[in-house]
Amino acid sequence: MPPVLMDREPWTLVVIVVLTAVCGVVAVRAEQAGAHPGGSDGKDRFQVLLGRVGWPLAAALVGAAAYAAVLAMLMDLHLPDSSGTEITVAGFGASGLLASALLVTGLLVAALPSPPRTAVRWQLPVVAVVSCEALLVSGPFTMPQGRTPMDLVVGGTSGLVLALLAWWGLLWLTRPRAGGAAAGVGVGAAARAGAAAGSGAVPGPGHAFGYTFSAGRWALLLPGLVAMVGDVLGLELWVPASPANGMLVPALAELVVGLLVLAWVGVVVRRWPGPAADFVALALTGVGAYGIAQGAFGRTLVVVGTFGSPGDLMPVLPAGFGHNAAVLGGIQGAMLLALGLWLVPRTVLPDVRRLLGRAPDPALSARVQVLTETRAEAVSTAAAELRRIERDLHDGAQGRLVAIGMNLRVAEGLLAERPQEAAALIVEARHASAAALEELRDLVRGIYPPMLADRGLGEALRALALDLPLPCETEIELPERLDAPVESAVYFAVAEVVTNAVRHAEATGLRIRAELSDGLLRVEVTDDGVGGAAPAAPADPTAGSGLAGVERRLAAFDGILAISSPPGGPTIVVMEVPCP
Amino acid sequence: MPIGHARLPEGPVRLVVAEDLYLLREGLVRLLKARGFEIAAATDSASALLDALLEHRPDLAIVDIRLPPTNTDDGLRAALAARERLPGLPILLLSQYVEPVYAQELLADQEGGVGYLLKDRVFSDDQFVDAIRTVVAGGTVMDPQVVTKLLGRRSRSEPLARLSERERRVLELMAEGRSNSAIANRLFVSEKAVSKHSTSIFTKLELAPSDDDNRRVLAVLAYLMATPR
Chain G
1 MPPVLMDREP WTLVVIVVLT AVCGVVAVRA EQAGAHPGGS DGKDRFQVLL
51 GRVGWPLAAA LVGAAAYAAV LAMLMDLHLP DSSGTEITVA GFGASGLLAS
101 ALLVTGLLVA ALPSPPRTAV RWQLPVVAVV SCEALLVSGP FTMPQGRTPM
151 DLVVGGTSGL VLALLAWWGL LWLTRPRAGG AAAGVGVGAA ARAGAAAGSG
201 AVPGPGHAFG YTFSAGRWAL LLPGLVAMVG DVLGLELWVP ASPANGMLVP
251 ALAELVVGLL VLAWVGVVVR RWPGPAADFV ALALTGVGAY GIAQGAFGRT
301 LVVVGTFGSP GDLMPVLPAG FGHNAAVLGG IQGAMLLALG LWLVPRTVLP
351 DVRRLLGRAP DPALSARVQV LTETRAEAVS TAAAELRRIE RDLHDGAQGR
401 LVAIGMNLRV AEGLLAERPQ EAAALIVEAR HASAAALEEL RDLVRGIYPP
451 MLADRGLGEA LRALALDLPL PCETEIELPE RLDAPVESAV YFAVAEVVTN
501 AVRHAEATGL RIRAELSDGL LRVEVTDDGV GGAAPAAPAD PTAGSGLAGV
551 ERRLAAFDGI LAISSPPGGP TIVVMEVPCP
Chain Z
1 MPIGHARLPE GPVRLVVAED LYLLREGLVR LLKARGFEIA AATDSASALL
51 DALLEHRPDL AIVDIRLPPT NTDDGLRAAL AARERLPGLP ILLLSQYVEP
101 VYAQELLADQ EGGVGYLLKD RVFSDDQFVD AIRTVVAGGT VMDPQVVTKL
151 LGRRSRSEPL ARLSERERRV LELMAEGRSN SAIANRLFVS EKAVSKHSTS
201 IFTKLELAPS DDDNRRVLAV LAYLMATPR
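Keeping their order, the protein sequence lines are chains G and Z.
Quick note on UniProt numbering: the first sequence kicks off at 1 and runs consecutively.
Quick note on UniProt numbering: the second sequence kicks off at 1 and runs consecutively.
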């Protein structure tokens with residue numbers, strides 16, 4: 001047993017820490033790139049933060065812990081109780097403690113209540129793998145001597161039971177709840193990117209398997225991917241090295257190359273998530289199956305250090321090591337195979353179906369779904385408008401015109417004999433016609449304000465501001481006319497928002513800002529009122545017209561609405577509509 | 001050159017009418033003829049209006065804001081263009097709706113001789129004819145709805161809040177272009193009381209007092225049109 005084992009320990013720690021950090025960063029970035037709204041209704045910032053950072057980070061920690069645990073296990077296997085090795089309990093404890101700390105942290109975060117719906121699936125294999133690994137580290141396998149095969153069977157079985165329990169527990173924790181995490185209101189830049197990409201209202205990752213991968217899964221897979229790619233290139237990040245044995249320079253070089261590989265893998269994962277996911281799924285399946293086969297023939301594929309190199313057994317083997325290692329390698333292979341098989345139907349199969357033309361592009365399907373929903377809403381809104389107009393005309397102007405006609409008919413008969421009465425009826429008819437005009441004018445204003453037709457959105461918004469009972473500043477830069485439907489939708493959206501502010505916010509002043517830049521119309525309405533405005537609960541899409549109605553109206557144009565309205569104010573409502 | 005009250009034409013008042021709806025145009029012409037006005041031309045588009053105004057130089061143009069070719073505010077634009085060429089040309093705008101912005105543009109040159117009325121006002125032809133005469137004479141007539149909107153929007157501003165109920169009413173009628181005696185009749189008070197109220201209004205609004213009815217109206221409107229603080 002060479003003493004180098006002790007000396008390489010700092011390297012392993014560095015690698016574990018770097019790996020963890022990279023996983024976290026990649027996971028968070030991937031999650032943000034997916035424009036995951038995270039239910040950001042401004043109510044609970046902690047939840048938002050958790051949705052954005054917590055879950056991917058948890059995944060990263062758990063993933064890293066899994067591999068750190070494997071490492072600790074490997075070192076444990078190398079602990080011969082007879083060889084007078086220099087490895088001390090403290091030295092071993094360092095990596096063991098790190099692994100345990102990572103593991104506990106990850107599981108703690110994962111066990112917090114109300115996880116976002118999209119984060120559910122990836123947690124299950126994580127917990128399964130991790131709990132098995134944890135058991136391996138602490139359980140009967142790690143004692144090379146004095147264990148019978150029966151001990152191994154008992155340990156393995158209890159590991160599986162533990163994994164199943166964890167799996168079931170997570171399923172229970174994260175089961176969908178009524179009116180749960182429906183996509184809320186998009187926010188600023190993310191929504192802008194989403195709208196520009198033509199997918200403004202597509203829910204976050206996890207909505208469709210395939211190219212929209214959730215970050216958490218990547219956090220889990222990344223270390224495996226790194227190890228696999230590194231091994232293909234003949235690199236081993238966990239190579240023994242120290243100044244003492246003259247391997248420092250090669251080890252440093254390998255570490256640098258390894259980190260470059262890591263970065264390259266990150267880039268690949270970001271740029272080609274679909275093919276990379278397919279590759280990982282297939283590789284896990286293949287390597288897992290290979291590991292099982294190796295275990296069955298008494299050899300080992302012990303994961304990280306000698307990944308994919310079954311012939312590369314540990315340098316000096318204590319008695320009984322080979323057997324344990326083979327069993328361990330088999331179990332490890334089974335884990336990887338299970339993970340790979342779990343991933344294949346979610347990655348490879350949809351891609352194959354897509355390539356064969358038997359399944360639609362997920363982005364396209366998501367777009368179709370959004371269009372279907374917003375079109376249905378637009379049609380029903382338009383129908384409701386028509387019904388309202390019909391009702392108003394019927395009850396108002398139309399009725400008055402009938403009355404006018406009748407009055408005039410009677411007056412006609414009275415004209416010769418009783419001109420006084422006839423005159424009175426004619427006056428009445430004139431008043432009725434004035435009232436009918438008044439009603440028609442209001443109706444027209446509600447359908448399409450004349451100012452909007454005459455002068456466009458900018459002037460119409462200024463006129464709207466002038467009409468308000470509150471002082472209202474305007475900063476409007478709309479040099480050109482926009483499409484009439486967009487102008488109308490945005491005008492009525494702003495009208496609704498300012499009406500809300502006047503009615504409910506107890507505001508003393510308002511400001512409307514509108515600008516068109518880079519093909520994006522952005523309107524911001526700010527009031528200095530009491531705040532606390534919110535769209536209707538997403539659980540009840542039929543509720544209220546209000547802000548929810550505004551949101552629906554804008555959605556027909558791929559527009560979005562974002563509200564910041566903390567209790568005590570001020571309330572800021574931002575509307576964005578792409579105007580290519 | 002501002003047109004003063006003194007300038008009332010000797011003979012019949014000559015008008016140019018611009019209204020694209022045939023029935024309404026014919027009705028207007030009939031009504032105006034019946035009241036002794038002379039119709040120099042009746043047109044149905046903005047370009048025809050401009051030509052007619054420059055050719056006939058009438059005593060007053062009665063213009064529908066919404067006219068072809070674009071059916072937006074072409075009437076207003078044509079009328080303003082004509083007024084640039086013929087300064088002080090009296091213009092009476094008719095519209096189905098009132099927009100303070102349009103009133104603002106109409107009043108921008110501060111020369112008077114402008115009016116802005118809802119088409120409904122044509123129904124009560126006495127009021128309509130009074131308005132025509134006021135504008136022809138260089139006065140200013142704003143539809144009560146314009147005035148209400150302007151007052152409503154300014155109601156929170158400090159000086160207006162200082163006005164009494166009666167003074168507000170007088171101010172409204174003043175902005176509609178009514179003379180002191182008309183206001184007195186309307187409110188069933190003496191003319192002296194009205195002039196007392198108006199002095200008080202001018203003081204409270206910090207406007208220079210003036211004997212000239214039209215300048216008085218312009219001052220009030222200028223005050224109301226100013227962007228609210």
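Simulated from the structure, these hints should not be mistaken for laboratory data.
For every residue, glycine included, the Cβ atom is placed at its ideal position computed from N, Cα and C.
It is possible that some hints are incorrect.
[As the list claims (entries may be wrong)] Ranges between beta-carbon positions, derived for each pair:
1. G:Val402 with Z:Thr70: 43 to 53 Å
2. Z:Glu26 with G:Leu414: 20 to 30 Å
3. Z:Glu206 with G:Leu443: 38 to 48 Å
4. Z:Pro144 with G:Glu421: 25 to 35 Å
[Claimed, not checked] Selected chain G positions facing chain Z (in silico; Cβ < 8 Å):
5. Arg375
6. Glu439
7. Arg445
8. Ala453
9. Ala463
10. Leu464
11. Asp467
[Stated by the list, open to error] Partial list, derived from the structure: chain G residues whose beta carbon lies under 7 Å from chain Z:
12. Arg418
13. Leu425
14. Ala429
15. Leu443
16. Leu466
17. Arg511
A quick look at each hint next to the structure:
1. At about 35 Å, the CB distance of G:Val402 to Z:Thr70 disagrees with the hint of 43 to 53 Å.
2. Z:Glu26 and G:Leu414 have their C-beta atoms about 27 Å apart, which keeps the hinted 20 to 30 Å range intact.
3. Distance hint check for Z:Glu206 and G:Leu443: the Cβ-Cβ separation is about 41 Å, which falls inside the suggested range of 38 to 48 Å.
4. For the pair Z:Pro144 and G:Glu421, the beta carbons lie near 30 Å from each other, so the given range of 25 to 35 Å is met.
5. Because the closest C-beta pair between G:Arg375 and chain Z is about 30 Å apart, greater than 8 Å, the hint is violated.
6. For the restraint placing G:Glu439 at the interface with chain Z, the shortest Cβ-Cβ distance is roughly 12 Å, beyond the 8 Å limit, so the hint is violated.
7. Given the 8 Å rule on beta carbons, the hint for G:Arg445 holds: about 7 Å separates it from the nearest Cβ of chain Z.
8. Proximity of G:Ala453 to chain Z holds as hinted, the smallest CB-CB distance being about 6 Å (cut-off 8 Å).
9. Interface restraint check for G:Ala463: the shortest CB-CB distance to chain Z comes to about 5 Å, inside 8 Å, so the restraint holds.
10. At a threshold of 8 Å, the smallest CB-CB gap from G:Leu464 to chain Z is about 11 Å, leaving the interface hint violated.
11. Against a cut-off of 8 Å between C-beta atoms, the interface hint on G:Asp467 holds, since the closest Cβ of chain Z lies about 7 Å away.
12. With a cut of 7 Å, the hint placing G:Arg418 at the interface with chain Z is violated, because the nearest CB-to-CB distance is about 23 Å.
13. Using the Cβ-Cβ criterion of 7 Å, the hint placing G:Leu425 at the interface with chain Z is not satisfied: the shortest such distance is roughly 15 Å.
14. A least Cβ separation of about 10 Å between G:Ala429 and chain Z goes past the 7 Å threshold, and the interface hint is therefore violated.
15. For G:Leu443, the shortest C-beta to C-beta distance to chain Z is roughly 11 Å, which exceeds 7 Å, and the interface hint is violated.
16. A least Cβ separation of about 6 Å between G:Leu466 and chain Z falls short of the 7 Å threshold, and the interface hint therefore holds.
17. Contact between G:Arg511 and chain Z, as hinted, is not supported at the beta carbon level, the nearest pair being about 13 Å apart and thus beyond 7 Å.
Of the numbered hints given earlier, the model fails hints 1, 5, 6, 10, 12, 13, 14, 15, 17; all others are met.
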